[in-house]
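S.K.: Protein chains in written order, with the numbering used here: chain U, 5 to 503; chain D, 203 to 566.
Think of the hints as simulated: they come from the structure by calculation, not from any bench.
Be a bit skeptical, because a hint or two may be false.
Stated by the list, open to error - Here are the computed lysine to any residue pairs in the SDA-like style, where the Cα-Cα straight-line distance is at most 25 Å: (1) K409/D <-> L498/U; (2) K241/U <-> I348/D; (3) K499/U <-> K411/D; (4) K241/U <-> I429/U; (5) K492/D <-> A449/U; (6) K169/U <-> M188/U.
Stated by the list, open to error - Listed next, with one range per pair, are the computed distances between beta-carbon atoms: (7) I513/D <-> A369/U: 28 to 36 Å; (8) T240/U <-> I551/D: 57 to 65 Å; (9) T365/U <-> D521/D: 27 to 35 Å; (10) R367/U <-> K264/D: 53 to 61 Å; (11) V381/U <-> F458/D: 41 to 49 Å; (12) I295/U <-> F370/D: 32 to 40 Å; (13) T153/U <-> K264/D: 54 to 62 Å; (14) K557/D <-> K497/U: 51 to 59 Å; (15) A408/U <-> G516/D: 56 to 64 Å; (16) I513/D <-> I430/U: 22 to 30 Å.
Glycine is no exception: its CB is placed at the ideal position from the N, C-alpha and C atoms.
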Amino acid sequence: MAENNKFFIDVDDIKPTTFGAVRENAVENGRIIKKAFKGSFDIVVKKGYCAGKCIVFANCDGLCNSQKIADNAIRPLLSYDGTLPEGEELEFICDNIICGTEQKKETSLDIAVDMLLRGTLLIFVEGSKECVIFGVQAIPERAISEPDTDVQEFGSREGFTENMKTNLTLVRKRLCTSDFTIEMQEHGLKSKTRILLCYMKGRVDPDILNEVKSRLNGIDMDTVLGAGYLRKALDTKRLSFFTMVGQTERPDTFAAKICEGKIGIIIDGTPFALIVPRLFIENFQTLDDYINRPFFATFMRIVRFLAFLISVFLPGIFVAVGLFHQEMLPDDMLYNIVVMESNTLFTLTLEALIIHFVYETVREAGLRMPKSIGHAVSIVGALVIGDAAVTAGLIGAPMLIIVALTAICSLVSSDLYQPISVLRIIFIVIGGATGLYGIMIGAAALVISLASMTDYGIPFLAPVSPFKKEMLRDSLVRISMEKLGKNIFDINKLKFKNK
Amino acid sequence: MNKSRVSAPQFFSLLYLSVLSSIFMYISSPEISISRTDSLLRPLVFIVVSIVAAIPVFVLHKMVDKEKKMGKKAVIKDNVFFKIISLMYAIVWVTGILRTLARFDLFASSELFPGNDMTLFIMALVTVCGLLSLLGLGALSRAAIIFTVIVVGVTGFVMISLWGDVDFLNFTPLFENGVGSFIRDSLLFCVQAFEIGTLILFLPGIKGKVIKSFIFWAVLSGVTFSVILFFTVGTLGVFADTQLFPTYTAVTLAKFGLLERMDALETAIWILCVVEKISLYFLAVINCIKTVFPKVSKKGTCVILILVVSIVLGIISGDLEKFGFVSYSPLTIGLYAVAVIVLPVVLIIYFKKVKPYEENFENN
Numbered sequence: 005m006a007e008n009n010k011f012f013i014d015v016d017d018i019k020p021t022t023f024g025a026v027r028e029n030a031v032e033n034g035r036i037i038k039k040a041f042k043g044s045f046d047i048v049v050k051k052g053y054c055a056g057k058c059i060v061f062a063n064c065d066g067l068c069n070s071q072k073i074a075d076n077a078i079r080p081l082l083s084y085d086g087t088l089p090e091g092e093e094l095e096f097i098c099d100n101i102i103c104g105t106e107q108k109k110e111t112s113l114d115i116a117v118d119m120l121l122r123g124t125l126l127i128f129v130e131g132s133k134e135c136v137i138f139g140v141q142a143i144p145e146r147a148i149s150e151p152d153t154d155v156q157e158f159g160s161r162e163g164f165t166e167n168m169k170t171n172l173t174l175v176r177k178r179l180c181t182s183d184f185t186i187e188m189q190e191h192g193l194k195s196k197t198r199i200l201l202c203y204m205k206g207r208v209d210p211d212i213l214n215e216v217k218s219r220l221n222g223i224d225m226d227t228v229l230g231a232g233y234l235r236k237a238l239d240t241k242r243l244s245f246f247t248m249v250g251q252t253e254r255p256d257t258f259a260a261k262i263c264e265g266k267i268g269i270i271i272d273g274t275p276f277a278l279i280v281p282r283l284f285i286e287n288f289q290t291l292d293d294y295i296n297r298p299f300f301a302t303f304m305r306i307v308r309f310l311a312f313l314i315s316v317f318l319p320g321i322f323v324a325v326g327l328f329h330q331e332m333l334p335d336d337m338l339y340n341i342v343v344m345e346s347n348t349l350f351t352l353t354l355e356a357l358i359i360h361f362v363y364e365t366v367r368e369a370g371l372r373m374p375k376s377i378g379h380a381v382s383i384v385g386a387l388v389i390g391d392a393a394v395t396a397g398l399i400g401a402p403m404l405i406i407v408a409l410t411a412i413c414s415l416v417s418s419d420l421y422q423p424i425s426v427l428r429i430i431f432i433v434i435g436g437a438t439g440l441y442g443i444m445i446g447a448a449a450l451v452i453s454l455a456s457m458t459d460y461g462i463p464f465l466a467p468v469s470p471f472k473k474e475m476l477r478d479s480l481v482r483i484s485m486e487k488l489g490k491n492i493f494d495i496n497k498l499k500f501k502n503k
Numbered sequence: 203m204n205k206s207r208v209s210a211p212q213f214f215s216l217l218y219l220s221v222l223s224s225i226f227m228y229i230s231s232p233e234i235s236i237s238r239t240d241s242l243l244r245p246l247v248f249i250v251v252s253i254v255a256a257i258p259v260f261v262l263h264k265m266v267d268k269e270k271k272m273g274k275k276a277v278i279k280d281n282v283f284f285k286i287i288s289l290m291y292a293i294v295w296v297t298g299i300l301r302t303l304a305r306f307d308l309f310a311s312s313e314l315f316p317g318n319d320m321t322l323f324i325m326a327l328v329t330v331c332g333l334l335s336l337l338g339l340g341a342l343s344r345a346a347i348i349f350t351v352i353v354v355g356v357t358g359f360v361m362i363s364l365w366g367d368v369d370f371l372n373f374t375p376l377f378e379n380g381v382g383s384f385i386r387d388s389l390l391f392c393v394q395a396f397e398i399g400t401l402i403l404f405l406p407g408i409k410g411k412v413i414k415s416f417i418f419w420a421v422l423s424g425v426t427f428s429v430i431l432f433f434t435v436g437t438l439g440v441f442a443d444t445q446l447f448p449t450y451t452a453v454t455l456a457k458f459g460l461l462e463r464m465d466a467l468e469t470a471i472w473i474l475c476v477v478e479k480i481s482l483y484f485l486a487v488i489n490c491i492k493t494v495f496p497k498v499s500k501k502g503t504c505v506i507l508i509l510v511v512s513i514v515l516g517i518i519s520g521d522l523e524k525f526g527f528v529s530y531s532p533l534t535i536g537l538y539a540v541a542v543i544v545l546p547v548v549l550i551i552y553f554k555k556v557k558p559y560e561e562n563f564e565n566n
């Protein structure tokens, strides 16, 4: 019916407007913009004349390149001494007077104002119901630099910045194919943050893509200021310690994941891009693994996995063995531990908790404080924890070694730091209360809860459980690139099949 | 996207861990000797009996599956008959939970922490298992694959480290007390594994070659039992009959390099089996109760079940007479017969006679 009836208006077409359409009176448009921003000093509205026609320019100072505005728009327009064809003024200005590749005509003043805030110049011409949106953006941004997180030994030194376009360029130059598809969305009622949904056509699973889109569309927030804001919507297992939403600061990692059939999300204003879905095994993989030789890549993945186990369980097991299962240790070792621990004030459990609390506090302070005083805190932390506490008899030396080892191991897989730091406290308490048996019950519960995690139809523990033999070639082990074939890893092979 | 889709190897890993916990916490009794070499052959009987006993379950599964493939679905809702069957199964599985936990309680209070009251520890275990069962069969089965690798690896390692303590003089001639005694002991050994009955509940949700996987499960379980019993008999000899938990006692002898005693390690690994077994029973009870009372939520059933089991365990804990009732052999035989043979046969007869099918269910 809608196609046949020219008066038919679809409900979806009706959108609330704030400013309405562009007025024929150019000055009126300028007045509306000034009023909308309540005279904000960074909104610049200027009036001039071109071939006797009143022209109004509007831009947001700081987001535009002033030199470009002057050279490419204002000067050519105001110095033009010819005539403008009646009724086609705007086309003539765009085609013959102003110079720039990014030009767009717009009838809606709402969209024009929105674009103004994205760093474009608006040009209103007297008598025209359209305006020109002229691309002169110069949004301040950080230079491309090596990422602080997700550091690679042999990989690229480029990292994402806060600028969405720069980030897209960094990915685009690595994926020179028309299959690489990008969809733009806007989220946040106030922030109107732009996000880019990136995927590889033909490799992404349509069900997963639709699921991601539907979850993103369900976001109802005023502001989206970082990746974490979207993570909440993309992750269904919010009570779990672990997440199936990954993040990276590296364009090469991002491109690699896109090639595996995953969906990447670049968010304007943050150097961290999201990737869904993420498997548990990926926490132990790095891009260096594909550059290193297979035996070393496999060795390093096993090391990372063991480091994870040590960082979660070692303090708890030490407390459990020290309190409940002393018979497990050889006599000499037991004697040494008893001698050192007998001089301390607290029980092993309390010791472990205190020292972890101190460690986490020092770490947090090191992260938040100004860098200029960072060294001072490090020295104080190291002295207090490392020497004075042992000498004063507050902490036993064996516990200190355990905590130091745990702390180092927990930094191996940076993405797992958050779950690790909480889980190890839980296991210390369990180990101190119930010994190894309690730890085993806790470990069983942890593994079963990990096995229960299934998002986007992909089990979190795949390809280990459910077991996929062909996918194990690139899991905790990595076989040679020749054997891996051209498709290194395809996430869709791990998806539960619909009957 | 079916979250609880479970493959046959995953489910039978879960069942493998479940039966393995029975042998780990095998309790000596005056009527059944474990020290004789005959006991090494019991697992062979276990394999045969398990396969034969499971025939009714598989026949029933095939019957229902055949009708399903023809576009018919068994109508089980609001049917008193099915509610009674479900209730009976629920009682069997609750008894299974109590039996396992009572044994574990005895094991913990006599071997792990002698002299300590382990009630709170056991109650924590009940709560954890109850909550884990809410994560579904998929989670339990997927985790079981990982646990199976760990349990088999550690148990194999511990058993190998026991090799030096094996004395071949401990092996007595076969059938010393006669074949009748061997068969009786073997059957009592087999009925410990009445979790086979859970197949009737979970088979419809399992994909893959179930019969092949089941036979593999029976053989693997039998072989594992034989290996564990070989080292138990070989290291302890007649001394095994005087021990409450002979397998555990054998493991306490194991040592390897720096590790002086590996019983704590092995026990910790066994706990994985107990957690899986109790969670499986919990899940089975919750599913049965759901059939009886469709409006009661799974979470609600789980909480009530945790409370009931904790209260009963509180009563049983520390009372050997009451504990004896839970481990009473005729009760075990009865549970096995009801769960694995009687109820599936009754269901087969019902399906043959009544044919409670609804046609073209896929279009409804």
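S.K.: At the C-beta level, are K557/D and K497/U separated by a distance inside 51 to 59 Å?
M.R.: violated, 41 Å
S.K.: For the pair supplied as a hint, K169/U and M188/U, is the alpha-carbon distance within the 25 Å limit?
M.R.: With Cα atoms ~11 Å apart, K169/U and M188/U stay inside 25 Å; holds.
S.K.: Using the C-beta atoms of V381/U and F458/D, is the stated range 41 to 49 Å upheld?
M.R.: The hint (41 to 49 Å, Cβ to Cβ) holds, given that V381/U and F458/D are roughly 44 Å apart.
S.K.: Is 22 to 30 Å right for how far apart the beta carbons of I513/D and I430/U are?
M.R.: holds, 27 Å
S.K.: Is it true that I513/D and A369/U lie within 28 to 36 Å of each other by Cβ?
M.R.: Since I513/D and A369/U have Cβ atoms about 49 Å apart, the given range 28 to 36 Å is violated.
S.K.: Given the hint that K409/D pairs with L498/U, does the C-alpha gap stay at or below 25 Å?
M.R.: holds, 16 Å
S.K.: Taking 25 Å as the top limit, are the C-alpha atoms of K241/U and I429/U close enough?
M.R.: OK: K241/U and I429/U at ~21 Å, within 25 Å.
S.K.: With the threshold set at 25 Å, check whether the alpha-carbon distance from K499/U to K411/D stays at or below it.
M.R.: holds, 20 Å
S.K.: Given the range 56 to 64 Å, decide if the beta-carbon distance of A408/U to G516/D lies inside it.
M.R.: violated, 43 Å
S.K.: Evaluate the given range 32 to 40 Å for the C-beta pair formed by I295/U and F370/D.
M.R.: violated, 55 Å
S.K.: Measure nothing beyond the straight line between the CA atoms of K492/D and A449/U; if it is 25 Å or shorter, mark the hint as holding.
M.R.: Holds - the C-alpha atoms of A449/U and K492/D are around 24 Å apart, at most 25 Å.
S.K.: Return holds or violated for the Cβ distance of T240/U and I551/D against the range 57 to 65 Å.
M.R.: violated, 44 Å
Hints 7, 8, 9, 12, 14, 15 from the earlier list are contradicted by this structure; the remaining hints agree with it.
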